[in-house]
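All chains should be modelled from the sequences, with the hints used to inform the complete structure.
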Amino acid sequence: MGTSYTLAEVAKWVSGAVRGDASVRVSGVAGVEEAQPCDLTWLTDDRFRAALGASRAGAVLAGERLGAAPMPAILCAKPELAIVTILERFAPPTPRPPVGVHPTACVAPSARLGRDVAVGPWTIIGENAVIGDRSILHAQNFVGADCRIGHDCELWPGVVIRERCVLGDRVIVHPNTTIGSDGFGYIYAEGRHVKIPQIGNVVIEADVEIGANCSIDRAKFGSTCVSAGTKIDNLVQVAHNVKVGPGCILVAQCGIAGSARLGTGVVLGGKVGIKDHAVLGDGVQVSACSCVSKDIAAGARLMGIPAIDRDEWVRQRAGTRRVPQLADQIKALAERIDRLESAADD
Amino acid sequence: MGTSYTLAEVAKWVSGAVRGDASVRVSGVAGVEEAQPCDLTWLTDDRFRAALGASRAGAVLAGERLGAAPMPAILCAKPELAIVTILERFAPPTPRPPVGVHPTACVAPSARLGRDVAVGPWTIIGENAVIGDRSILHAQNFVGADCRIGHDCELWPGVVIRERCVLGDRVIVHPNTTIGSDGFGYIYAEGRHVKIPQIGNVVIEADVEIGANCSIDRAKFGSTCVSAGTKIDNLVQVAHNVKVGPGCILVAQCGIAGSARLGTGVVLGGKVGIKDHAVLGDGVQVSACSCVSKDIAAGARLMGIPAIDRDEWVRQRAGTRRVPQLADQIKALAERIDRLESAADD
Amino acid sequence: MGTSYTLAEVAKWVSGAVRGDASVRVSGVAGVEEAQPCDLTWLTDDRFRAALGASRAGAVLAGERLGAAPMPAILCAKPELAIVTILERFAPPTPRPPVGVHPTACVAPSARLGRDVAVGPWTIIGENAVIGDRSILHAQNFVGADCRIGHDCELWPGVVIRERCVLGDRVIVHPNTTIGSDGFGYIYAEGRHVKIPQIGNVVIEADVEIGANCSIDRAKFGSTCVSAGTKIDNLVQVAHNVKVGPGCILVAQCGIAGSARLGTGVVLGGKVGIKDHAVLGDGVQVSACSCVSKDIAAGARLMGIPAIDRDEWVRQRAGTRRVPQLADQIKALAERIDRLESAADD
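Protein sequences appear in the order of chains A, B and C.
If you count the first sequence from 1, position 71 lands on 51 in this note's numbering, and the numbers rise without skipping.
If you count the second sequence from 1, position 329 lands on 309 in this note's numbering, and the numbers rise without skipping.
If you count the third sequence from 1, position 212 lands on 192 in this note's numbering, and the numbers rise without skipping.
It is possible that some hints are incorrect.
A pair counts as met if it fits within one copy or between any two copies, since identical chains are not told apart.
To be verified - Capping the alpha-carbon separation at 25 Å, the derived lysine to aspartate or glutamate pairs in DMTMM-like fashion look like this:
#  : residue 1 : residue 2
1  : Lys175    : Glu13
2  : Lys274    : Asp289
3  : Lys274    : Asp132
4  : Lys274    : Asp291
5  : Lys311    : Glu170
6  : Lys58     : Glu170
7  : Lys274    : Glu14
8  : Lys58     : Glu107
9  : Lys274    : Glu292
10 : Lys274    : Glu170
11 : Lys274    : Glu321
12 : Lys175    : Glu60
13 : Lys223    : Asp262
Simulated from the structure, these hints should not be mistaken for lab results.
Treat the numbers as computed from the prediction; the structure is a model and nothing was measured.
This is the structure:
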C-alpha cells in the first residue's frame, strides 16, 4: 500500500466531487472503525453513520447527500460501485503464473489450449480438454478429459474438475473445490446400497464464482447446472441434477439436495438447506440456518426449520415466547371460575 | 451418447418385457421431464406418474403393473435395479490412469503395490504403505506411511490419507477428502488449550464410498471406524473415535461428533448433527437439518433441534402454530367470566 | 504399540503414585470400554466411573481421590494433563519429510527459508515468501507470494495459503484447508453482482490449529484475524474481515459470517452459525447447531435458532411441549363456563 493519491485524483476515478481539502492524500481503504489518517473510508450504510463521527479516516467516500462529516469527502452518485473501482485501483497485483505451460504440468497431447493461457505447476489437463483464451490454472489443478473451460477463467490451486464438465467464460473457482464428483445415488437392493452410475456432468455458466472447498456433483444423467452470474460462497454443496438459476447468491455452507431447482436471483443465507426436488421461484430469499422442505413461490421470504414465510415465523416465534404467560392466564381464569362455582353452590 | 439400442436389446439386459414397438431405438436415459424421443425414461416413484403422460421420452422403464402410458415400455420386476444396469450400459467410459506408476509419482521404496495398480501423476505413497490389486490412485493423492489400501479401491484427485489408516476393498473416495487428520482434542490447562496427541488411526471397511471434501479424523487412540457398505456424501465430518455401523447413509454436510456410535443401517439426512458420545441404535433415521443430542433407541425416526420422535415433532409443531389462537380463546373466556362475575355482583 | 512399560515407569513420567502392583506392564492407552489388559485407561469424568468397574484395562490413571477400582491405578494431581504426557510417550512417531527441500518442490528464488525447514514433494512457495525455522510443509502445499509462515509450523498436504497471508509460530494446518481465498463480496448494480476486490489478507497468530477442509477468507481490506491459541476444527468457514479472539474453540462445521468479532475464549459448538457483523463478548459459549443473529454480552450461554440464553431456551422449549395441554385446559374451562352460564340463565 505504498503509493498515495490525492482526493482529487481518487474523485476523478469515480466521477465524484471533493468536498473539503482535495489535496489530502490517501494510500489505502479501510472500514470506518479501523481507518487511519492515511486511509479512505466510505459510508453506504446508515448503520455506520454514528461511527463516522469518531473515525480517524483521512477522507470518506459517500453518496451525494452526505451530511456533516469530520473529514474531507468524495461524493458520488453510486458510492457502492465507486468503492469497487477504488479498491481495484488500490489492490496490489494478484500473483499469477506466467502465460504458458509450466514445465511440470501434465497436459494431454489432445488437449487444446487457447491463446495466452497460463498453466501453473503440477496441473493436469486430460485428453481432449479445451481451455479458453487467457484462462489461468494456478497450480495443482486437475481438469479431467473432455472438459471445456471458457475464456478468462481462473482456477486456484487444488481445484478438481472431473471429466466432461463445462465452465463458461470468466468463471472463478477458489482453492480445493471439487466439480463433477459422482452424485450421491444408491438403490437399496438385496441388503446393500447399489451405486447408481452418475453418467451426467456439471455445467457452470459464464461469470459464476465458486468459493473454496465446495462440492458440485455431476448429474445422474444430463447436467447439474449453475446459471450465469451466480455467486457461490465456501463449503457449499450442490447435489446431482440441481439447477441453480442465474444471478443467485448462495452463502457459505449452504446445501442443495438432488434435483432441486432455484429460479433467477434466489438468495440463500449461510447454512441453508434445500430439500431434494424442491422448486424455488425467482427471487426467493431464505434466511441463514433455514431448511426449505417444499416448493416455494416466487418472491417469498422464508425462515425457519422447516422454512415458512418470514413474517409468519416471527409471529409464531412471538407465540412461543407467550406460552408461559398463557399458562399463568389459564390458571388465573380457573381460579375465577372456582370462585364463581363456589358462589353458585352456596 | 452416440450408440443407440432397440428396446428389445435393452429389455434383454434387464430380463424385462417390451410392451409396444420393440424396434424403437434409444440412445440415452433421462428424467421424465427432460427426456427427448431418443431417451429412455423410467417410473419407479408414483410422484412422477402424472408427468409421464406429458413426457416426450421415446420409451419408459417401469414395474410390471404399469398402467397406460403414451410410449412403449420395458416392464420388469425390479425397475430400480434395472435402471442401474441400463445406466452402466449407457455410461461413457470413466477416464482413469493406465496401470502402472506415473513417472512423476513419488512411491517410497518400501511401499508394496498389488497387481495392476494405477498410480497417476504427483501421487505420494509413503513408507511401508500397501496398495491392493487393481486399485486406482488418480492423481495428486497423498497416502501416508504404513497405510493399507485394499483391492479395487479408487482415490480421486486431491484425496489425502494420513499415516497408518486402513481402507478395505472397493472403497471409493472422492476429490479433496481428508482421512486421518488429527482429532479435535485439547485439555484446558494453565490458561491454554493443550493438544491431546491423536495417536490412533481411521479404519474404513469394504464397499464404503466417501464423497468430496469430507473430513474423517483419526482416533485419539484406537480407531475411528466406518463399517462395510456405508455411503457418505460430500462435506461430511466424522470426528475422532466415531464408530459408524454397516450400511449407513450419511447425507451431505452431516457432522458426527467425537466417540458417537451409529448402529447398522442408520440414515442421517443432510446437515444432521450428532452429539459426542451419542449412541444411535440400528435403523435410526434422522431428518435433514436435525441435531441429535442424546442416545436413541433402534428404529427411531427423529426430527428437530434437538431431535425428537418425528410424530411428536409434528404434534409439537402444530401446537406452536395454535398459540395465537389459544391466546384469543383465553381472552374470550376472560370476557365471559367478566360477565358472569358482573352478573354475580348484581 | 510394541514397547511396554511398568506402571512405576509411567507414574514417573507424570509425577504420579502407583496404587497396587507397580510392576504391571502396559503397552497402550484406551478408553474404559475398549481397553484390554495390556492397556492403561483413565478416569477424568465421573460419567465413566460405573464403566470402570467392568473395564478389562490393566491399569487406570486417575485423580488422587479415586475410590475403589478393580485394577492398579496411577494417581496424580492433574490426570487430564497426565494423559497428554502419556499419549505423547506412547505415540508412534509422525512421519514427516526430512529437513531440506524435496527436489520436486517449486520454491521461488526470492523466497527465504529458515533453518531446518522441511519442504515435501510438489510444494509451491511463491516469490518473497518467508518460512520460519523448523517449519514443515508436508507435500502438495501452495504458499503464495509474500506469505510469512512462522517458526515450527506444520502444513499438511493440500493446504493452500494465498498471497500475503501471515501465520505465527507453531501454527498447524490440516489437509486441504484453504487460507486467503477471496471474501464473498458483491455489489448488485446494473442487473448483476459486481465483485468487490478483496485486497486484504489473513493473519493467523501463534499456536493456532486449523482442521481439515476449512476455508478462511482474506479480508476485503485489512486482515481477517485468528488470534493466538485458538483451535479450529474441520470444515469451518471464517469469512472476510472476521476477528476471532485468542483461545477460542470453533467446533466442526461452524460458520462465521463477514466482519463478525469473537472475544477471548469464545466456544462455538459444532455447526454454529454467526451472523455478519455480530460481536460476541469474552467467554461466550454457543451450543451446537445454534445460530447467533445479534451482538452477545460477555459470558453468555446461548442456544437455539436464533440463539437465546440457554436457560430461557430450555424454558421456552418446555412451554412448546405444554401447548397441547393448555389447549385441553382451555377446553375444560370453557365447559365449566358453559355450565355457569346455563345456570345463570335458569
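Hint check:
Proximity of lysine 175 and glutamate 13 under a CA criterion of 25 Å is satisfied inter-copy only: 23 Å between copies versus 54 Å inside one chain copy. Both within a single protomer and between protomers do lysine 274 and aspartate 289 lie at most 25 Å apart by alpha-carbon distance, with minima of 12 Å and 21 Å respectively. For the homomeric pair lysine 274 and aspartate 132, neither the shortest alpha-carbon distance inside one copy (38 Å) nor that between copies (40 Å) is at most 25 Å. Proximity of lysine 274 to aspartate 291 under the C-alpha cut-off of 25 Å is found in both arrangements, the shortest distances being 18 Å within a copy and 18 Å between copies.
For a Cα distance limit of 25 Å, the shortest separation of lysine 311 from glutamate 170 qualifies neither inside one copy, at 58 Å, nor across copies, at 52 Å. Proximity of lysine 58 and glutamate 170 under a CA criterion of 25 Å is satisfied inter-copy only: 11 Å between copies versus 63 Å inside one chain copy. In the homo-oligomer, the alpha carbons of lysine 274 and glutamate 14 lie at most 25 Å apart only across protomers (21 Å), although the nearest pairing inside one protomer, at 44 Å, exceeds that limit. Proximity of lysine 58 and glutamate 107 under a CA criterion of 25 Å is satisfied in neither setting, with 47 Å inside one chain copy and 37 Å between copies.
Within a single copy, lysine 274 and glutamate 292 get their C-alpha atoms as close as 16 Å, and across copies as close as 20 Å, so both meet the 25 Å cut-off. For a Cα distance limit of 25 Å, the shortest separation of lysine 274 from glutamate 170 qualifies neither inside one copy, at 31 Å, nor across copies, at 32 Å. In the homo-oligomer, the alpha carbons of lysine 274 and glutamate 321 never lie at most 25 Å apart, since the shortest distance is 50 Å inside one protomer and 47 Å across protomers. In this homomeric assembly, lysine 175 and glutamate 60 come within 25 Å of each other (Cα to Cα) only across copies, at 11 Å, whereas the closest approach inside a single copy is 49 Å.
With identical chains, the CA atoms of lysine 223 and aspartate 262 are at most 25 Å apart within one copy only, with a shortest distance of 13 Å there and 35 Å across copies.
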